[in-house]
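Those protein sequences? They're chains A and B, same order as listed.
At position 48 of the first sequence (counting the first as 1) the number is 48 in this note's numbering, and the numbers step up by one without a gap.
At position 481 of the second sequence (counting the first as 1) the number is 481 in this note's numbering, and the numbers step up by one without a gap.
You may find that some hints are simply not true.
As the list claims (entries may be wrong) - Taking lysine-lysine and the DSS-like style, the derived pairs with C-alpha atoms no more than 27 Å apart in a straight line are:
#1 A:LYS21 with B:LYS384
#2 A:LYS143 with B:LYS475
#3 A:LYS42 with A:LYS193
#4 B:LYS107 with B:LYS475
If you are wondering where the hints come from, they were derived from the structure by calculation, not from laboratory data.
Note that the structure is a prediction, hence the values are computed from the model and not measured.
Each chain, written out:
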Amino acid sequence: MSERDFSARSSSVSLVHLTKKFRSLDGSGEITAVNDVNLEIKAGELVTILGPSGCGKTTTLRMIAGFEYPTSGSIFIGGRDVAMIPPNKRGLSMVFQSYALFPHLTIYENVAYGLRVQRLPAAEIKERTERALELMQLTPMAKRYPSQVSGGQQQRIALARAIVIEPSVLLFDEPLSNLDAKLREYMRDELRKLQKRLGITSLYVTHDQSEAMAISDRVVIMKDGRIRQVGTPHEIYAFPQSKFVADFIGKANFIRVNVLGTDGESARIDLENTQFTVPKAGKAGLAAGPALLVVRPEALRLMPLTTDQGHAALRGRVDRFTYFGNIARYEVSTNNAPLLIERYNPEASSMFEEGAEVGIIIDFESARLLPADEQEKA
Amino acid sequence: MKENTRLSVAHLVRDPVLLFLVLLVFTGLILFILFPLYKIFAYSITTDEGRLSFRAAWDVLRSKSYLQPLKNSMMLGLTTGVLATIIGYVFAYALTRVDMPLKGFFKAIATIPIISPPFILSLSMIFLFGRNGLITNKLLGLEDSNVYGMHSLVVVQTISFFPIAYLTLTGTLAKLNPAVEDAALNLGASRWRIFRTVTLPLSVPGILSSLLLVFIQSLEDFSNPAVISGSFSTLAVEAYRTITGMYDMRGGSLMALLLLVPTVIAFVLQKYWLSGKSFVTVTGKPTTSRQQTRDPKLVWLLFAFCMLVALTIILFYGTVLVGAFVKIWGINFSFTWAHFKYVMTLGWTPLRNSVILALASTPIAGLLGMIIAFLVVRKEFPGKRAMEFVSMLTFAVPGTVVGIGYILAFNDKPFMWTGSAFLLIMAFAFRNMPVGIESATSTLLQIDRSIEEASTILGATGAVTFRRISLPMLKQAFFSGLVYSFVRAMTAVSAVIFLISPRWNLATISIFSLFESSKYSDAAAYIVVMIVIIVVAIGGLNLLVGLLGNSGTIASGGNSERA
Chain A
1 MSERDFSARS SSVSLVHLTK KFRSLDGSGE ITAVNDVNLE IKAGELVTIL
51 GPSGCGKTTT LRMIAGFEYP TSGSIFIGGR DVAMIPPNKR GLSMVFQSYA
101 LFPHLTIYEN VAYGLRVQRL PAAEIKERTE RALELMQLTP MAKRYPSQVS
151 GGQQQRIALA RAIVIEPSVL LFDEPLSNLD AKLREYMRDE LRKLQKRLGI
201 TSLYVTHDQS EAMAISDRVV IMKDGRIRQV GTPHEIYAFP QSKFVADFIG
251 KANFIRVNVL GTDGESARID LENTQFTVPK AGKAGLAAGP ALLVVRPEAL
301 RLMPLTTDQG HAALRGRVDR FTYFGNIARY EVSTNNAPLL IERYNPEASS
351 MFEEGAEVGI IIDFESARLL PADEQEKA
Chain B
1 MKENTRLSVA HLVRDPVLLF LVLLVFTGLI LFILFPLYKI FAYSITTDEG
51 RLSFRAAWDV LRSKSYLQPL KNSMMLGLTT GVLATIIGYV FAYALTRVDM
101 PLKGFFKAIA TIPIISPPFI LSLSMIFLFG RNGLITNKLL GLEDSNVYGM
151 HSLVVVQTIS FFPIAYLTLT GTLAKLNPAV EDAALNLGAS RWRIFRTVTL
201 PLSVPGILSS LLLVFIQSLE DFSNPAVISG SFSTLAVEAY RTITGMYDMR
251 GGSLMALLLL VPTVIAFVLQ KYWLSGKSFV TVTGKPTTSR QQTRDPKLVW
301 LLFAFCMLVA LTIILFYGTV LVGAFVKIWG INFSFTWAHF KYVMTLGWTP
351 LRNSVILALA STPIAGLLGM IIAFLVVRKE FPGKRAMEFV SMLTFAVPGT
401 VVGIGYILAF NDKPFMWTGS AFLLIMAFAF RNMPVGIESA TSTLLQIDRS
451 IEEASTILGA TGAVTFRRIS LPMLKQAFFS GLVYSFVRAM TAVSAVIFLI
501 SPRWNLATIS IFSLFESSKY SDAAAYIVVM IVIIVVAIGG LNLLVGLLGN
551 SGTIASGGNS ERA
């Protein structure tokens with residue numbers, strides 16, 4: 001019962017034509033950090049903004065927080081336009097990359113801070129602070145200072161301090177990037193569990209794609225200030241809508257093909273003078289003509305050239321072979337495009353040496369098509 | 001990232017507390033720094049009838065009675081600058097690079113001249129080398145030694161200001177990445193070669209910085225030349241004598257201008273040109289501790305040098321202490337309390353005034369320092385750079401110039417404040433805030449900005465964030481600013497000598513008049529009492545910091561494990 005209390009104020013967020021321009025450092029021109037971003041986040045949802053550094057993800061988050069004011073556009077939180085409301089009046093919380101704990105206050109005082117600022121009755125402050133500490137398993141160390149506890153515990157203090165004020169939206173600015181790899185995975189799962197249990201609308205910014213895939217209801221891919229694609233982790237990985245997204249999330253091979261015609265979701269293609277069917281082309285309105293076949297490394301397989309050559313879509317030569325234990329990775333040159341091929345659970349008998357001539361089998365079920373002339377729009 | 005002006009004005013309007021603070025600081029800076037400077041400038045180029053005329057200024061540039069002090073001041077400033085920097089460099093090098101005993105002792109000794117009352121070294125100089133001097137007369141049997149003149153001034157100023165050079169250069173030397181020197185050692189260079197080809201070139205910005213800072217201090221110095229320069233006239237003292245002796249206000253303010261120009265140029269060079277050239281910032285945080293030299297020849301050579309400097313300082317301060325307890329220096333060395341009785345009776349009121357005014361101005365200077373540092377580092381508003389520049393400018397404006405500017409600015413309607421305690425307090429507050437600003441600025445730059453953002457997003461207003469988050473983290477810087485401005489207020493001479501009145505006479509000025517009437521032992525007793533007050537006050541403030549909680553040690557901010 002107590003946990004449900006935290007979600008009582010969870011709100012939806014909607015960004016409408018959100019744009020932020022900065023004056024460039026030499027003062028001569030303007031840099032558009034965030035360019036006409038439109039996004040709907042449902043109440044209780046966890047949405048991640050993922051992108052390379054400088055893509056505008058942090059600026060977007062800071063505009064929602066209120067630390068930057070948009071050049072144009074609106075930010076609606078629970079239906080109210082907050083674009084010009086100062087950060088302390090927005091009823092949000094944020095977990096910072098550096099945690100930003102107050103070094104001169106104890107852990108208890110850190111967590112209680114937001115409630116004290118609201119001038120709530122002392123009894124309520126005490127009750128809610130203790131509940132948040134309990135929830136984050138911080139009760140035994142409540143009287144210590146942040147510098148006296150471990151990195152993972154500091155992370156939990158930051159989280160406790162953020163949820164105790166029952167924010168309408170919880171913002172995360174790369175909160176796990178200061179933790180080591182093991183702890184990062186653990187905290188990532190803890191964080192997702194907590195968010196689901198409390199049902200707090202959350203916006204999470206990261207440049208770590210596995211983090212984004214693991215915790216999100218939906219992922220937003222940003223580049224150069226624009227949203228490139230929005231979708232569930234599966235949609236983003238399985239149906240990338242641009243070469244950038246395909247390349248940015250996981251690894252992808254781009255094979256040049258010719259589209260002969262489409263029929264609903266499927267497409268007939270020509271690859272090196274052989275016809276194939278791609279059952280789920282994945283991109284609407286694909287015209288006949290040159291296109292790129294997007295294939296993940298795990299959807300390609302090697303075969304010895306000696307046996308039945310009918311299955312092989314391409315021929316090539318193994319340039320490099322790397323063995324990782326769980327994966328065997330091949331870099332193969334073909335006369336179409338260089339390919340990256342990964343074989344899970346590899347066995348010695350089915351491995352290929354460097355220099356081997358091989359046939360390549362494509363799993364067309366999981367292959368997608370993109371227009372060949374697609375330019376990355378700035 | 002830079003907001004455009006329209007947006008930062010919008011920020012201001014949205015945050016009334018910020019707007020109020022910005023306006024308050026600007027009003028103060030304009031009224032108590034820029035307005036008096038403008039008055040000096042305007043007064044220098046108008047006639048008594050109020051017409052614009054460069055006649056007086058032109059006369060000054062041709063007249064020997066103005067050019068000689070300028071020449072003297074520059075010569076003195078350069079000589080002292082070079083000597084103090086050399087001693088400061090050797091001191092700093094010895095204390096950062098060499099494994100030698102008594103380092104704590106040397107560090108403590110080097111801080112004494114910074115916090116000591118004025119006149120003390122000149123007084124020692126007279127006690128030791130004057131006509132009845134302990135060394136010149138008693139030891140060497142000289143009858144007619146002349147202690148007054150540039151030679152004595154160089155000695156006194158070098159001792160007074162070498163700690164500034166030492167502190168500046170310690171900063172430079174300590175922050176040079178040891179890996180750079182280790183790399184040279186690793187490549188087979190000798191200690192001397194490393195020093196010549198790596199350490200010395202990399203510390204050039206620090207050396208220049210120290211030269212300029214000492215040069216400014218030497219030019220500004222009023223108390224030493226006032227009592228020991230003899231016929232060697234310096235600008236700061238000549239300006240004072242021109243105004244109080246010859247009642248020539250215009251001549252005095254022209255001299256103030258002559259004094260202002262080189263100090264401000266030196267200040268701008270130091271602050272803007274050199275700070276951009278520093279090699280310290282690019283080397284980053286040292287990760288390894290420095291290997292210290294153990295070469296016995298070098299260790300003992302440097303140890304002997306430091307010991308010599310330390311003993312000289314002890315000799316000078318000890319002489320005054322002794323001088324306070326003898327009947328007539330040089331003639332009758334028998335013990336007496338008479339001089340202290342004199343201080344406690346006739347000297348009591350000025351002493352009390354000094355303490356009251358210093359105590360009143362200290363929190364104002366401290367708070368001003370914190371607020372200005374906070375505004376400049378953390379906030380965006382139009383005129384921010386100007387605020388930073390003007391508030392640091394007070395460091396470079398000589399006290400004499402401030403004093404003359406204040407008489408010109410506040411002797412008339414609408415600001416009839418001369419002679420009042422209020423004006424003295426304001427003079428102290430605005431002159432003594434730069435150290436507070438500097439220490440608060442460096443602390444703030446180390447504190448992750450998101451700590452304040454965290455407070456804001458949890459619902460706190462700007463004022464609450466400042467009071468509950470920023471200020472507590474600035475506590476250490478705040479108190480060091482307080483200590484410094486208290487000491488500066490207690491020991492100020494040059495500015496206040498123009499501003500005192502019969503009602504508000506001050507201790508330092510009383511000491512000065514004792515000099516004028518050659519009552520050296522009374523002056524010595526006065527100085528000893530002041531030292532006691534300063535030491536007690538510093539101790540008291542430190543105790544206060546201790547009582548106020550345990551957070552002093554974690555003032556460095558973020559507890560994050562930054563990558």
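Verification of the hints:
Only pairs whose Cα atoms come within 27 Å are accepted, and A:LYS21 paired with B:LYS384 is accepted, the gap being roughly 21 Å. Restraint check for A:LYS143 and B:LYS475: satisfied, since their Cα atoms lie roughly 21 Å apart, inside the 27 Å limit. Note on A:LYS42 and A:LYS193: the hinted pairing holds, with a Cα-Cα distance of about 18 Å set against a maximum of 27 Å. Between B:LYS107 and B:LYS475 the CA atoms are separated by roughly 24 Å; this keeps the pair inside 27 Å, and the hint holds.
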